[in-house]
Structure formats: C-alpha cells, structure tokens
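Those sequence lines, one after another, are chains A and B. Residue 126 in the working numbering sits at position 126 of the first sequence, and the numbers go up by one each step. Residue 407 in the working numbering sits at position 407 of the second sequence, and the numbers go up by one each step.
Read the hints as simulated data drawn from the structure, not as lab findings. The C-beta atom is built at its ideal place from N, Cα and C for all residues, glycine as well. It is possible that part of the hints are untrue.
As the list claims (entries may be wrong) - With the C-beta cut set under 7 Å, the calculated list includes, among others, these residues of chain B facing chain A:
id, residue
1, THR111
2, VAL144
3, GLY146
4, ILE320
Claimed, not checked - Restricting the straight-line Cα-Cα distance to at most 20 Å, the calculated cross-link-like pairs of lysine to any residue (SDA-like) are:
id, chain 1, residue 1, chain 2, residue 2
5, A, LYS9, B, PHE6
6, A, LYS9, B, ILE155
7, B, LYS201, A, PRO175
8, A, LYS206, B, LYS206
9, B, LYS216, B, THR262
10, A, LYS300, B, ILE304
11, B, LYS300, A, ASP194
12, B, LYS296, A, SER192
13, A, LYS297, B, LYS9
14, A, LYS201, B, LEU178
15, A, LYS206, B, GLY177
16, B, LYS300, A, SER15
17, A, LYS206, B, GLN243
18, B, LYS9, A, PRO175
19, A, LYS206, B, LYS201
20, B, LYS9, A, SER15
21, A, LYS206, B, LEU178
22, B, LYS429, B, GLU353
23, A, LYS201, B, ASP194
24, A, LYS9, B, LYS300
Claimed, not checked - Quick look at which bits of chain B chain A covers, simulated, 3 or more residues with Cβ under 8 Å:
id, stretch
25, 198 to 210
26, 378 to 386
There are 2 protein chains.
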Amino acid sequence: MANFVFLLKNLLVVSAAVNIGLVWKNMSDEINGKVASSSLRNCEKKLHCHGCLSSNGGQDETAQVSRKQVLLSSTTSFSRDDDDEPDGGDVDDDGAVINLDQTGEETTVVTSSWQFMSYFSDLNNICWFLEPAFASAVTRLHEVVGNAITEGRHIVVGTGSSQLYHAAIYALSPPDGLEPMNVVSAVPFYSSYDVMTDYLKSGVHKWAGDAYKFDKQKPYIEVVTSPNNPDGSIREAVVNGDQGSLIYDLAYYWPQYTPISTPAEYDIMLFTTSKCTGHAGIRIGWALVKDREIAKKMTKYIEINTIGVSKDSQIRAAKILEAVSGSVDDGNNETFFDYSYELMAKRWKELREAVNHTELFSLPEFPVKTCSFSGRTFGQLPAFAWLKFNGKVDDCESFLRDHKIITRGGERFGASKKYVRASMMSREKEFRLFTKRLSEIK
Amino acid sequence: MANFVFLLKNLLVVSAAVNIGLVWKNMSDEINGKVASSSLRNCEKKLHCHGCLSSNGGQDETAQVSRKQVLLSSTTSFSRDDDDEPDGGDVDDDGAVINLDQTGEETTVVTSSWQFMSYFSDLNNICWFLEPAFASAVTRLHEVVGNAITEGRHIVVGTGSSQLYHAAIYALSPPDGLEPMNVVSAVPFYSSYDVMTDYLKSGVHKWAGDAYKFDKQKPYIEVVTSPNNPDGSIREAVVNGDQGSLIYDLAYYWPQYTPISTPAEYDIMLFTTSKCTGHAGIRIGWALVKDREIAKKMTKYIEINTIGVSKDSQIRAAKILEAVSGSVDDGNNETFFDYSYELMAKRWKELREAVNHTELFSLPEFPVKTCSFSGRTFGQLPAFAWLKFNGKVDDCESFLRDHKIITRGGERFGASKKYVRASMMSREKEFRLFTKRLSEIK
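Using the sequences plus the hints, can you model the full thing?
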C-alpha cells in the first residue's frame, strides 16, 4: 500500500509537471498565432488596398462596398453633359461594378517600378508593342465564348477600339490616292464616326455618310457595328460594292448583350474591354486582322500616333480577361456572363414595362435566338435603348430633357429627331429614376 | 489512508484528463498555425510576384537582378532596326533599369479588378481624364527639381508626349483656316516631327521644315526641343515672327542630362516619363499649358483620338514620380538624379575618349554651367551623341554600319549625312562594344 501511494504521488507530480508544460506551450502559441493572423491581415490589406490611389471621390469606394454588383460596360459620350439629372442616359456612366468575389484576387495586379519599361513587347510580332500575355488572354476568351475566330488572325492592340478605328481607316486607305477614301456606315450609325474620320481634315480618308445612300461604284470603307450602336440590331454590310473594305466593330458581340450565333470571321474585327467587361478607364481595345499588310499598317498608325499602347493596361486587361475565361471554364460558379446577362435582362424588362405604361414611346423588337455560348434563348439586350417617340413632338431629346431625362438625339446618328439613344448602363439608382420618370410621362 | 488514496486517484484522473485536453489543443493549433504561415507566405508571394507577367524574355528578369543599375531613359525609333550588332546606337528602348532598393516597394502598385473602370477621372478639370494623383505627382516633381513652372498651368496628360505633340499642333491650328498651319523646327530637328505632322495629310496643319529657313511673314507653329534631340543643345525659338505659336518639348530638361538653369515658363511645355525616368512602356506624357482654351482643345484631340489616357499608367506614373521626388526630399540617400547623372557623366567621358582616340569624329562641345538643382557644374550629357564624321566619306551612317555600329543618319534630322545620331542609352554591354568599335576605326 505504501508503495502504491508512493507511485500515485509520483504519477501525480509527473502529470502536474506535464500540465504546467502544456499550459505554458499553449500560452506561447496563442501569442504567436495572433501575430501570424495579424500579419496575414496586413498582407491581405496590402494586396487589396496598397495601390488605392482612387481619385473618383466616393465612386471606387462605393464600388468596393458593392462587391456583388454586376459589371456593366461603360458607354461613351464625346460631349459630357453636366446636367445632374439622371440621364438614363446619354452620358458615360461610371459604371456599376462587377466583382464576383471569386475573381477578386485573381484579377489583382501587382506591378513593380522596374517592370514594363521598354517601348517594345515582342519584336517577333508585327504588332511589336503587343504584350504576349494580353494576346493569349484575348485568344483564350474568344475560344471560350466562341464569338470570334482568332486563328490565322493578327492581333493589334490599341488605346481603346477608338484608336483601332483610326488605325483601320488609315490602313485601308491608299496613301497616295487622288481623293480621300470614303468612309460610310448605315444609319443609324455610331455618332462619333464622322468626327473621328474628319477631325483632322485628312486627305487620306473622309466621312461619306449613310452607307444606304452610297454610290457603290466608288471605292469605300464600310463600318459595320454589330450589335449596332445605337439601336442594338444585328448588322451586315449594306453597300456590297466591288471597291469596298469592311471594318466590323463587334464591341457588343458578347453574350450578355446578344445571343452568340456563330464565331465572327470577318477580315477586321474590333473589340474593347470598355464594353466586354466595363473597363473603360483602362483604355484597351484589340483588332483581329486577317491581312498581314493591313495589320502592319495599323501598327504603323499606332506607332506614329502614340508609339504603342500602355503595357500596364495590357497586363491588367490580360488578367481581367483571363478571370472572365476562368469563370466560364470553372464550371461550378455563375459566370461573369451569366451575372451580366441577368442584369441586362432585368433592366430591359423594367424598361419595356415603363415604355408600355406610357404608350408614347416604342422600342425595337428583337427576334429571339438561341445563344451558342449559354444555351439561352432570348432577344437582344443592348447597352442602349433606341427609343422612338410616337407622339406629335418632333424633337424627342428636348422633350425628354423637359422631363428631366437626358438622352442623345437621333440626328446625331444620322436618323430622325423622333429617335433618341438612352443608356441602359447607368448606376442602379439612376436607372430606376429613368424608368420611373419615363413611365410617368403623359 | 483510503480517503487519501481515493483523492490521489481522482487528482491523477483529472490531471490526465487535462493533459489529454491540452495535447489535443496543441495538435489542432499546430495544424492551423501551418496554414496561417503558409497563407502568409503565399500572400507575400502574391504581393511581390503576382503581377509578374513579364513578356520581355529575360529583360525584366535581368532588370530585377540588377537592382542597383541606374535608370536610363529610353530612346525612340520609328524604324526598328533588327540588326543584332550593338548599335551604340539608333535603337533600343529596352533601357537599363533603375531600382534603388529603397524605392522598391514605394513604387509597387497593386490594382484590383474594380478600380479605375470609368472613362472619367475628374469632371471638374478641363482634362477630365487626368488622374488627380498623377497631377499632384507632376506638380511636386517640377517643384522639387525646379525645371518648370506649374502654377497657373493646366496639366494635360497624354499617351506619351507623342500624343501631346499631335494634340498641341491640332489645338494651335485654326479649324477653318484657308490653308493648313505651318509647323516648323530648327535643324537638326527630331526626325519624327515631319511624319507625325503629315501622316494623315491633314488639312489642319502641315510640316514646313526648317525653322531657320521659314518665311516669318506667314503663320506658323514652331517646335523647340531643348535639350535638343539629336544634338543635345539648349534651344530657343528662331523664327520670332508675329504670327507664331510655340511648343517647347522639354523631354530631356532633367538634371541628369543638363544643368537646370531656370524653371521653364513657356506657354506649352511637353514632358514624358520615357525620358524622365525611362518608363517608356507606360506611355505617359504631360503638357503644362498656360492657355485654358488651348488646354481644352488638346483635351478634345485626345478625346477624339483615344477617349482619354490609361488610368493604370497614370497611377503607376504617379507612384514613380512621387518616389523620384521622395528620393530628393529624403536628403539622406543618393537621389535618383544623382545616380543617373553619374552614369551619364561616365558614359560621356568614355565616348569622348573613344572619339579622341579615333580622331575621325567629333562631338559637340557644351558650355559648362551650374545646375540650380544639384549645384554641380557641368556641360550637357545628352541622351544622344551627335557625331560628325571628319573624314572623306559623306555617308556617315553607312560607314559606321560597315563597322558594325548602327546609328541614324543626319539627313533624317534635316542635317548633312556627315552627321549621325547615336544613342547613349543602350545597355552597358552594348555601350562598351560601341565605344570599343568606335575607338578602333582607322
């Protein structure tokens, strides 16, 4: 018994010692753990906030908070309207912001001071300022979405598709022509084509107006925008003359706006991040160009104009496009295009209801088609609404302005003043005000 | 005794139970701790390497390793020479890289997907796509260096100073003139001005050649580059007519290239990160514009041309310029400009030795002046060497090409073929080969 008690005492002492040791260890680990967590949080903060040189007042902060808001592409306006009225509208929108949580870190770009310093990106490429990572991202995205053929095409990157428009009409125009090359587009056409073509009174190309009225015996460049800006329709070339070249502006040929029918396969196709993902401030567009010599001339234009295109923007655009492709390939989550489609569909439903309520306006009707990308069957959901006024007033833009709705008059697009273009891409609050005011018009 | 044994047993059981609990807790914490450390390491990796989408082959990696190498500004070339010979030379815009260790993280930019999406930066500014952070950085840098007056000036940002050149000649030309506005510059002038002015056969402006030979009775725009490209000289306007406007291209008016005499105070002054810090791929330039209407028209040009300028590039440029200013304000370390000056001085010494050795060439001599920024007294250290061949051969460019040195012939600058422009900005290995081969020419 004495031995047993001795044993118990010893075991208790040993056990107590082990207790003390384990308690001590636990206390130390807790302190270290807090430090690690804190570092992790700081690191994450750096990752997401270090470069926050936002200068948009509260806009970027709003965007940060509204992480579930859908990305809408930004519209463009050459004449900035300063009116505070909700425009529903003509002006560019700061855009609502997509930030599907799962893409947050995948699309974050960290750039050090020594990176991307050179003028040159890839001297083996015709477009020597094209970043290979961006080229890969573009190719992948088109493959994933199936909206354009990239094989056998040269990619030319531009500071927005605007610069690529300038580059394309330059490249397609003979340098020593007796007269400037005619540039046409079918009414209603994008309201900036004329000024973009003629602002320098170029002897190389000139704006020749409505493609429907063009004399097809003359040489020409026809710009086909499809889906069209402003009316959202699917377009084909209309001149069909023997001396013509075509530029297809496919800025909106993405599955949130339109069913994808077939991969586009034109000789010159323009795209832009401004409309694909809404990243307008990044100033990135790309052209898929079949003819090598045309690609070289477009490259030369951009060389003379701006000696290339921002590498910073190309790198970030690459990450964003890769994330969009990734959201499709992932298969498990709602894709970027799904989310965007749902928002566009919702907005168009609201707008049609508002228009039906007022009975003074009408909207285009679009044929319903099946999208090869999503499998959905739907009609166009354009970024702009081509509103027609059915009342007696001829100047729809002024009429709507009196009702505190800012739009852009149809005459800017070569059409009648009874039409206006209204943006579908404003912030949620503004869009609701737009549809509300529209529905209340008697 | 029985009670005591009972107590010992119970205490032992409790102690054992506590030990089991503590051991269990320790095991769990260890697992979590490993995850946290791993996350921290991953996070840190992301912070520094996440955006490494370098596409320059080994160049950016070389730059990363050579962190102490000095930043040299990149040169520009519209016709890319593919020759593998060390050009000493005409081309090469890969530049060497500055990365003073202390600026490494200060200049790192982290950008998330939702940032900088809008077209607009600051609608209260004439230049509505100018990022306020970039404007602040520009203002601060000019104040720190003392090389230009910013007060009372509007800042217009461009996709490189090339775009600002286009914008300036557009803005200074009457839109409805009976004839295109003449654009002149004094020989030897920057070899791209002519093609930049005339590539679109504009009816708004046209290249009218050498300012020395211009009829001052006519209206004109004179472009004054100072320090001059190609010969490094300090320039003033030469036409001095009554109907003229001036554009001062001050790309090289920084203390690594020239003594700063006074803060430049011209009506239109152009600068670029390409030459200030060597960040050419970023495509950022800025103009300091006195006249509000001119600033508006320049902004309008850029709006029509590219609907603004990359925000990504502006934000990174802002960080870089702030770091440069910081290196001056810091006071304790060698500044960015000190380091760059030492390299330029060393290279010019080597070049002059090589030229003296061969006796076939001569270089400009520059008056020695005191720099108000650094206090140093020195002659120009231009980014280009304006070599003159004193031998019998008239075509210096061809002669040097036979000796495996690529340069750009003087006729491209409106001067004689006995002159060539050679770059002082190539990588160290190439520059050494250039001076070696030059010194060996008999």
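To see whether the hints hold, each was checked on the structure:
1. THR111: B:THR111 check passes; min Cβ-Cβ to chain A is 5 Å, inside 7 Å.
2. VAL144: This interface hint is violated because 18 Å lies over the 7 Å limit.
3. GLY146: Violated, about 24 Å.
4. ILE320: holds (6 Å)
5. A:LYS9 / B:PHE6: Satisfied, since the Cα-Cα distance of roughly 12 Å is no more than 20 Å.
6. A:LYS9 / B:ILE155: violated (85 Å)
7. B:LYS201 / A:PRO175: holds (9 Å)
8. A:LYS206 / B:LYS206: With a Cα-Cα distance of about 18 Å, the restraint between A:LYS206 and B:LYS206 holds, given a limit of 20 Å.
9. B:LYS216 / B:THR262: Violated, at about 28 Å.
10. A:LYS300 / B:ILE304: Answer holds: A:LYS300 to B:ILE304 is near 19 Å, not above 20 Å.
11. B:LYS300 / A:ASP194: Given that 20 Å is the threshold and the Cα spacing comes to 15 Å, the pair holds.
12. B:LYS296 / A:SER192: Roughly 18 Å separates the two Cα atoms, so the pair holds.
13. A:LYS297 / B:LYS9: violated (93 Å)
14. A:LYS201 / B:LEU178: holds (12 Å)
15. A:LYS206 / B:GLY177: Since the Cα atoms of A:LYS206 and B:GLY177 sit roughly 18 Å apart, the hinted pair holds (cutoff 20 Å).
16. B:LYS300 / A:SER15: Roughly 83 Å separates the two Cα atoms, so the pair is violated.
17. A:LYS206 / B:GLN243: Distance ~30 Å between A:LYS206 and B:GLN243 Cα, so the pair is violated.
18. B:LYS9 / A:PRO175: Outside the cut-off at roughly 103 Å; violated.
19. A:LYS206 / B:LYS201: Between A:LYS206 and B:LYS201 the Cα gap is close to 11 Å, so the pair holds against 20 Å.
20. B:LYS9 / A:SER15: holds (12 Å)
21. A:LYS206 / B:LEU178: holds (18 Å)
22. B:LYS429 / B:GLU353: Holds, at roughly 17 Å.
23. A:LYS201 / B:ASP194: holds (17 Å)
24. A:LYS9 / B:LYS300: violated (92 Å)
25. 198 to 210: holds (count 6)
26. 378 to 386: Contact hint for the stretch 378 to 386 of chain B vs chain A: violated, 0 residues under 8 Å.
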